Amino acid sequence: MNMRTWFRTGTPWIWLNAAAVSISLILVFGLLAFIAVQGLSFFWPKDVIQAQYTERNGQITRLIGELHESEEVSAGRVRDSGYDVVIDETLYTRHLLKTGNRDSLGIDFRIILDKDLHELSYPAGLMTMERREWGNFYGYLKSVQQDGSIVAEGEASRAEFEARLERALALYDQIHAIEKGDIGEINYEIERLRLKERSLQLQGDSDPLKQADIVEQRQQLDQRYSVLQKQLNELYTLVKRDSITAEVMNGQQVVIPLAQVVRVYYPNDMNSFEKLGMYFSKLWEFVSDDPREANTEGGIFPAIFGTVMMVILMAIIVTPFGVIAAVYLHEYAKQGAVTRIIRIAVNNLAGVPSIVYGVFGLGFFVYFLGGNLDALFYPEASPSPVFGTPGLLWSSLTLALLTLPVVIVATEEGLSRVPRALREGSLSLGATKLETIWRIILPTASPAMMTGLILAVARAAGEVAPLMLVGVVKLAPSLPLDGNAPFLHLERKFMHLGFHIYDVGFQSPNVEASRPLVYATAFLLVVVIVVLNLVAIHIRNRLREKYRALES
Amino acid sequence: MSGTLARQNWRLFKDKAAAHGIAFGGISVILAIVVIFFYLLYVVLPLFKSSSIEAVSHYSLPGSTQDTLYLAMEEQTEIGSRLSADGSLSFFATDDGHIISTEQLPLPRGSRITSFAATAPGQAAFAVGLSNGQAIVAKTAFQVSFPNDVRQIVPVIEYPLGQAPLQLDKSGSALSQLSFQLNEEAAAFAVANASNRLSFIYMEKEESMLEDEVTLNIQRRELEFGSTIRRLLLDKDMYELYVLGEKGGLSFFSLDDKESPELVQHLPNLSTHGKVTDIQFLSGGISLLVATDGGSVSQLFPVRDEEGQFALTHIRSFNSHKAAINRIAPEYNRKGFLAADTKGNIGIHHTTAGRTVLIEPVSEQPIHQLAIAPRANALLAEDAAGQLHFWRIHNEHPEISWSSLWGEVWYESYEQPDYIWQSSSASNDFEPKFSLVPLSFGTLKAAFYAMLIAVPLAIFGAIYTAQFMTPRMRKLVKPSIEIMEALPTVIIGFLAGLWLAPFIEMHLAGIFSVLLFMPLGVIALAYGWSHWLPEHIRNAFPEGWEAAILIPGVIIIGLLAYYFGPVWEAVFFGGDLIGWFSNTLGIPFDQRNSVVVGFAMGFAIIPTIFSIAEDALFAVPKHLVNGSLALGATPWQTLTRVVILTASPGIFSAVMIGMGRAVGETMIVLMATGNTPVMDFSIFQGMRTLSANIAVEMPESELDSTHYRVLFLAALVLFAFTFVFNTLAEVIRQRLRRKYSTL
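Protein chains in written order, with the working numbering: chain A, 1166 to 1717; chain B, 8 to 750.
Note that these hints are calculated values from the structure, not bench results. Note that this is a predicted model, so its numbers are computed, not measured. Watch out, some of these pointers could steer you wrong.
[As the list claims (entries may be wrong)] Covered stretches of chain B, as calculated for chain A (at least 3 residues, CB under 8 Å):
{"id": "1", "segment": "26-35"}
{"id": "2", "segment": "280-286"}
{"id": "3", "segment": "570-583"}
{"id": "4", "segment": "692-703"}
[Stated by the list, open to error] List of simulated lysine-lysine pairs, BS3-like, C-alpha gap at most 27 Å:
{"id": "5", "chain 1": "B", "residue 1": "LYS350", "chain 2": "B", "residue 2": "LYS254"}
{"id": "6", "chain 1": "B", "residue 1": "LYS746", "chain 2": "B", "residue 2": "LYS485"}
{"id": "7", "chain 1": "B", "residue 1": "LYS746", "chain 2": "A", "residue 2": "LYS1499"}
{"id": "8", "chain 1": "B", "residue 1": "LYS482", "chain 2": "A", "residue 2": "LYS1499"}
{"id": "9", "chain 1": "B", "residue 1": "LYS485", "chain 2": "A", "residue 2": "LYS1711"}
{"id": "10", "chain 1": "B", "residue 1": "LYS482", "chain 2": "A", "residue 2": "LYS1711"}
{"id": "11", "chain 1": "B", "residue 1": "LYS485", "chain 2": "A", "residue 2": "LYS1499"}
{"id": "12", "chain 1": "A", "residue 1": "LYS1598", "chain 2": "B", "residue 2": "LYS254"}
{"id": "13", "chain 1": "B", "residue 1": "LYS746", "chain 2": "A", "residue 2": "LYS1598"}
Cβ coordinates follow ideal geometry from the N, Cα and C atoms, glycine included.
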């Protein structure tokens, strides 16, 4: 077969079509794998290198840090970045080195050329330290001090450091518990008292008993506060006791108080098994801790919590409404042109851009409903809004509206697949229509509703654009659920995984340092959503098989 | 027995109640959905509501019977102030004209007022020029207090430069014309005396370090002007002076250097529409409004030409008045103005929108004086019969018109008319630019590049999956691609912005190389497979697995082409493709550009298009395919002549739904483009889309402001656009489904 006839058979075009599928598949799985690798490698304790580096001016310096990325670049680009090289076809290897130590070096990252790197080694004893401020620290531990006087030096200092760090972390936990928990509660109570006082004022109620009661409660709170404050001061003096001295890459000796340290490890001395342990410990920290340093370090627990709360509320709102609408459309409404139009409209709403729902939510829920709620029920809080500002409730409502079509469509599909025999059997035994629906049809179609709900949840969990208008913030001071009555605070703003990705990736001052964390967050979100979708697909497939069995 | 009956009734009742309840619930849910549309419309509609004015009261002139020099209102429109030619300033209630208080300007003995000038309206300061060459500067102020929670406004008069008259003309000749501006640090006067001598006087406050007293540093410059001076105009920032002559000529002096004012331009004839009757600055002090007895008002402002020289240029005219215009009163903060004519009509006009909002008769008599309230919600007009008319104005959104949203508008300080979106700025005198054209353009541009990537991949993929793939593989492939539809777009956007954009910048040649060589490579691979591969290997793979076989092939071709990229970049473009584009072709490169958006958003809409197109193709009745094959057509001929033709409406609707999704997508464009609202076809430039614009600006727009409503309009446009597209697609699909069932 020569070329021309081969082309005329159309075989090459079929191959091209096949290539489109291959490319799509490569893109899909490549993307998932890329996010997984980038996100999961974040927690692996990287070895720390030490090397001699010839600077552009010929000076030789010592570099210590983690190698992050390497790439091949053309000579032209190397020249563009200020190196004196001849432009030819040579490719240069360029590394991104995380040197950390922002406090003593000024920058976290350096871009270095491989050709200028000598005596690369992974010396034992290099220490990686995660801190509450200034990012990671890399260097050599020299000594441990208590109140400024050295208690351990050289080899012995490592064990001493570990023991004292444990104590410092325990103290820090206590401080954190008091600051966030107890003092937060007192502040909340004081604010409630203020609102109560203001509302009495607005009502013109000048009952001295009530006033005295408020004064007394306030005094009690102030008293509790001063006790706590004293406790805190004591803890702070305790935690400030110890510090360490360490050597950074330019030979400088720095003193770091133990109160600053979150975690310390010596990656070059660890075997794979220990690293694995460290890996899971860091992973756990990521999902269970609060963010640090403007969200660029630490965990994402508040974002996970906020997403889950919002999605649960949304599910509670959307399920009954979606199911009722579907039951009405399928069981009660007269089938005809009108229902067909409604079905098309409902279907299309799933295609309306999510930002439009956000605009609607902001205008209708937040400003209109929220503003009126505030005027009616919270005059004492004015001029600061309670519900007249973006918050959890409005976010859930907006997303419920957004996902309503998903639930309606899925439920209707389930209803339409219930075999006629079941329905007619029930009716012929004398059951009313309601009883048939309630006892026979809905239970049979419940997996379909479940599918719809899961798909709705998956969609809501990943949606960001409308939430930016109706309730998410980059850093919420408190969770929407806490120990202060009424426990669930629907008016509060919350953090969200998707928005966290946008915010940390694009609004943070130190994008390079926070990027791995964004990948990890993205991976978490992808896993949640893919799993939810797979579950939904699985349930739907099982349901279809069940119906097939019922029909035969 | 009665127990069962009761139970029966109870059951029936429950059934009935549920039927009603569910119907009510169902209908209300569906209505709730409709509410979205109507709420958006409800917010948008006031933009297009026509404005109105209504008479509140009219009364004879309060205070002195002499001519009115100055007429104004305070912010709450409760108190008006009127200065008459004898120097008495009356404060009166606007609703019935009763006098609240009267002040007399401290005119020196024997002098009378010969000229008058007011500052930019927001300052409420004015100066009177006297017959002895002196001038007095005064200012009205309104002190608001709330005794017993009731608002009380007390008018007062202040003398910011002292009560003593300032000797502006050294010779003591009467000031025949005067213009005056005042700010915290300085005061500026332009005066013409009785012998037509023009001078510019600039007084700078100097605070001495030792004592607390303020001294005025006075500079005086004489200026040349040929004919009799009729009007002087100083702009509020004291950078420009306009001098209007008796014969209609206008001189434009630049005051950038206060020591030596410089003549920039002389227009021999300012107006071609008749004699100039009034001339005022539009708010902001950039544009001049020129009214004529021919009934037209023209807007002019200095425009920079090619050599960087400013020249006063005619921008637009308002010709809707039928009679000679007597007075114009610019709004305080917006770019609108009132014009009153000799037939007693008052018109409201807006310059940016280029439209006359309304014209209504206010009086039977010609109108002599006109004042607008600071919030542009009321007006005072004095007619020839000595009556003062007080009217309310309802005109919330004059800046919006069809032409200001969708047309080219010549904005202040721009060199030519343009489509600009710039909704806010730090300055108060800012002219908001609400052209939706750059945003719509950006939306369509982003969608176009996304479709360019997505349509071929998705449709070709759908064709193969539906027609040639083995069922076993299809069962895996379809859900894997479809699951990507659920992938949050924030993740795709994040990857596009932080990973893909720098990657493309670094490896542009490699990317282009892959796009170019991929189809060629695949065909070469296919040729090799069917011609050179030994038969027994080929037969080990049944037909319908090509896509799986190709996966390693595509990866290898991709990697080869990618690594080959820098080679041809070095050979043909000196190792710098981006530099070649920007230097040789003049296409500047922006890191977050259309290519990035195309790839990212294309990837996001592949599953949508793929899924719907595949459904349509797969549902083509098998007997059609089998019939065609049985008649001897090759699989490819069957596909192009039978399958695609039958399923084309379905493919079309898939493309439309994909387009709808691309148009409304927010997070990807927000993160993968620079979000600059430029109108540029360049593939290496970014854009700002309607949806991203909403996401960026909505949180900071003020409730019920024009900006807020315009953003709602953008949302409504998106809603309507996608709704129409999706409905069309849905209707087409339903018709197709019916067609299949009859085939």
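Do the hints match the structure? See the list:
1. 26-35: Result for this restraint: holds, n = 6.
2. 280-286: This one is violated; 0 residues, fewer than the three required, reach chain A with a Cβ under 8 Å.
3. 570-583: It holds: at least three residues are needed, and the segment 570-583 of chain B offers 7 whose Cβ sits within less than 8 Å of chain A.
4. 692-703: holds (count 3)
5. LYS350/B with LYS254/B: Judged against 27 Å, a Cα distance of about 25 Å means the pair holds.
6. LYS746/B with LYS485/B: 24 Å, holds
7. LYS746/B with LYS1499/A: With Cα atoms ~25 Å apart, LYS746/B and LYS1499/A stay inside 27 Å; holds.
8. LYS482/B with LYS1499/A: 37 Å, violated
9. LYS485/B with LYS1711/A: Holds - the C-alpha atoms of LYS1711/A and LYS485/B are around 22 Å apart, at most 27 Å.
10. LYS482/B with LYS1711/A: 19 Å, holds
11. LYS485/B with LYS1499/A: 36 Å, violated
12. LYS1598/A with LYS254/B: 92 Å, violated
13. LYS746/B with LYS1598/A: Answer violated: LYS746/B to LYS1598/A is near 35 Å, above 27 Å.
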